[in-house]
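Line by line, the protein sequences give chains A and B.
Here the first sequence is numbered in the numbering used here, starting from 1 and rising by one per residue.
Here the second sequence is numbered in the numbering used here, starting from 1 and rising by one per residue.
Hints in this document: simulated from the structure, not taken from any laboratory.
Keep in mind that this is a model prediction, so the values were computed, not measured.
Glycine is no exception: its CB is placed at the ideal position from the N, C-alpha and C atoms.
Be a bit skeptical, because a hint or two may be false.
A few chain A residues that don't get close to chain B, going by computed Cβ distances all over 10 Å [claimed, not checked]:
hint	residue
1	T5
2	M27
3	Y64
4	S69
5	T71
6	R77
7	P83
8	S84
9	N98
Taking lysine to aspartate or glutamate pairs in the EDC-like style, the calculated list, with each CA pair at most 20 Å apart, reads [said to hold, decoys possible]:
hint	chain 1	residue 1	chain 2	residue 2
10	A	K14	A	E79
11	A	K100	B	D29
12	B	K16	B	E44
13	B	K3	A	E99
14	A	K100	B	E17
15	B	K3	A	E59
16	A	K100	B	D55
17	A	K44	B	D96
18	A	K9	A	E79
19	B	K3	B	D22
20	B	K38	B	D22
21	A	K97	B	D29
22	A	K44	B	D106
23	A	K100	B	E44
24	A	K100	A	D26
25	B	K70	B	D55
26	A	K44	A	D56
27	A	K97	B	D55
28	B	K70	B	D22
29	B	K16	B	D86
30	A	K44	B	E44
31	A	K9	B	E10
32	A	K44	B	E26
33	A	K97	A	E72
34	A	K57	A	D26
35	B	K38	A	E99
36	B	K113	B	E10
37	A	K97	A	E59
38	A	K14	A	D38
39	A	K97	B	D96
40	A	K100	B	D96
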Amino acid sequence: NAGVTQTPKFRILKIGQSMTLQCTQDMNHNYMYWYRQDPGMGLKLIYYSVGAGITDKGEVPNGYNVSRSTTEDFPLRLELAAPSQTSVYFCASSWVKNEKLFFGSGTQLSVL
Amino acid sequence: AQKVTQAQTEISVVEKEDVTLDCVYETRDTTYYLFWYKQPPSGELVFLIRRNSFDEQNEISGRYSWNFQKSTSSFNFTITASQVVDSAVYFCALSDTNAGKSTFGDGTTLTVKP
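Here chain A stands alone, though its shape is the one from the complex:
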């Protein structure tokens, strides 16, 4: 029972590099979300998707892009990494809106 799987778990990037954080879920959930968690802070919504082919911006979308070509996958792309993007990134999913979120184990990203 995998649930929500995120890869990689850790990554160090140099300023200006790009990378994709992978997120996949096997629960056939329609709703998927990307959050970032800065030290001592709550989770801030980056992007979300209500179904395959549909994505929208959250609270802090600048510097990120997403796509949702399948129900299962919701990758997050970082272009031109900046130190301000150093954070822990969580992917989450839910069957329908306003239901509990299932979270991945997180990706710890450092941009140096």
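Position chain B relative to chain A; hints supplied.
This is chain B only, laid out in the frame that chain A set:
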């Protein structure tokens, strides 16, 4: 805009003490959902409870209980007879009914000492 405030940044208690974590929210919606999540030291996020705005009944689950008061826009969480394993960061969250996006508070770090 929605907002969730957890005024207590850190709480430290001794095992077996009762502890209450406060959560105050702001929303213009008449229908909304409130959640509590636990983040233990291992880092994963675990769902604890979901409550909709029309259900103001308090809920008890073992040592955990939740008090929802619409009049004061609060959704407080009480742990009775705390244990060391309760040490974690606890997040309160508010979900909007439009796209189901959850807004999280900054969390309360609970430390339970033996």
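Hint check, failures only: 9, 12, 14, 31, 34
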